[in-house]
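A.B. asks: Work out the full structure: start from the sequences and follow the hints.
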Amino acid sequence: AVGLLLGAAVADGDSTCEQVNAMVGRLNPGFWAPSYVFRSLDVRPGAIHPPNLTRATRDAELVGACDASRFRADSFAWQKPTSDGGDWIATTTEKPMQISINGVPCPLTGIAVTTLGWPSLRLQFSDCPRKTAVEVPLVNVTTGGLKLVHWMCKVAYDSQLCQEAANKLPKSQASTVWPTQEFLDLSPLIEAASKGAARMQVYDNCYESLDWFVINTPVGIPFEEFQMLLALNTVLAPTVFSQVQLQASLVVETVCFPDCVGRLPDECTKKVSAAAAQSAGASAHEDETWEDFVEKLQDPSVQPWSLAIFGLCFLAGSVGACRVMNCFTDPPKKPERRIKQVAVVYHDVPEVSQSFFSSMGFAR
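Per this note's numbering: the sequence shown = residues 2 to 365.
Think of the hints as simulated: they come from the structure by calculation, not from any bench. Watch out, some of these pointers could steer you wrong.
Label-pair ranges, simulated between beta-carbon atoms [stated by the list, open to error]:
1. V253 with S173: 38 to 46 Å
2. D60 with S173: 41 to 49 Å
3. S84 with R59: 40 to 48 Å
4. T144 with R264: 37 to 45 Å
5. S101 with N22: 25 to 33 Å
6. V262 with A238: 34 to 42 Å
7. S176 with K148: 12 to 20 Å
8. N22 with V178: 25 to 33 Å
9. R324 with W119: 55 to 63 Å
10. A34 with W119: 31 to 39 Å
11. R59 with K148: 27 to 35 Å
Derived lysine-lysine pairs resembling DSSO-like cross-links, with alpha carbons at most 30 Å apart [stated by the list, open to error]:
12. K169 with K148
13. K196 with K96
14. K81 with K169
15. K148 with K81
16. K81 with K172
17. K81 with K96
18. K172 with K148
19. K148 with K196
20. K148 with K96
Think of the CB as a built atom: it goes at the ideal place given N, C-alpha and C, for glycine as much as any other residue.
C.D. replies: Okay, structure coming up:
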């Protein structure tokens, strides 16, 4: 029975993985595969874990993000989606910035604006040890904010995208010229990231592990640009949605990125100090962590053995439970034997008559 259950679970998992891999292989340029997988996750409460304090994030930094001159519109290429729609994605090979996690840097490979649901800005890092993203929600503000949409239209200058979206705007904005911004200033995003972001390390059996940062504080977009952003979302809205629910485990923690002058909020500074003290006092032999264990289980060469071990453990536990139950159960009572009848049998023994006196030699 255990073998059948394990076999069914493996078969179901294999089927889900096949569906995910098939969909990822057919994605048009408007979809980033890690984002598609991230949106397909089905994470149960018991699969969410905190990090081991000795392996928690020591430092995280967005290097070069505060220099707007690095983000020239002509150094990015818009990835035009098919009729299936998708996100607004622009890729680059110029490495304008890096994300550094615990001293391990990797370059920016793309900037995206999501079109499914509420819009958000996403920085994409495809060349990290784990595919990494930094995502922040975008909201409407009346003053200040991130100047984004004019830059997006400058990147997609050779297309009719912004003209098509502008046709959906009120007549009061009909005269606005959109492709006018040469450089992108991400300092408002860095300011929001310095106030804290949720880091989610994703482990699943079908796709490579992901590192996803969601900034807690939304970034504002000026009113007119936000209206254009919603119009762009209408034009690019995807018509293909994932029907797969991918089981995964998450290791979740809060991290802070330094702002453009290198400052961190007090609560983040205290957290870093506490984590460092805890790490210094921890045993040097605590090398194996939950993250390491989960990552090892994803190895295809390990999975058959882990399933066999789990099955044997289940069988051993079942047998042990049965034996323990027998120890606490009274033995069955033997049925009482009842005597229905008693018979007394006498055996007649012939008696020999002999005179005592005759034996003594006396005559009568």
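A.B. asks: Now tell me if each hint is right for this structure.
C.D. replies: Hints versus structure:
| no. | hint | in the structure |
| --- | --- | --- |
| 1 | V253 with S173: 38 to 46 Å | holds, 44 Å |
| 2 | D60 with S173: 41 to 49 Å | holds, 47 Å |
| 3 | S84 with R59: 40 to 48 Å | holds, 46 Å |
| 4 | T144 with R264: 37 to 45 Å | violated, 24 Å |
| 5 | S101 with N22: 25 to 33 Å | holds, 31 Å |
| 6 | V262 with A238: 34 to 42 Å | holds, 39 Å |
| 7 | S176 with K148: 12 to 20 Å | holds, 19 Å |
| 8 | N22 with V178: 25 to 33 Å | violated, 44 Å |
| 9 | R324 with W119: 55 to 63 Å | holds, 57 Å |
| 10 | A34 with W119: 31 to 39 Å | violated, 22 Å |
| 11 | R59 with K148: 27 to 35 Å | holds, 33 Å |
| 12 | K169 with K148 | holds, 20 Å |
| 13 | K196 with K96 | holds, 25 Å |
| 14 | K81 with K169 | holds, 19 Å |
| 15 | K148 with K81 | holds, 22 Å |
| 16 | K81 with K172 | holds, 27 Å |
| 17 | K81 with K96 | holds, 21 Å |
| 18 | K172 with K148 | holds, 22 Å |
| 19 | K148 with K196 | holds, 20 Å |
| 20 | K148 with K96 | holds, 21 Å |
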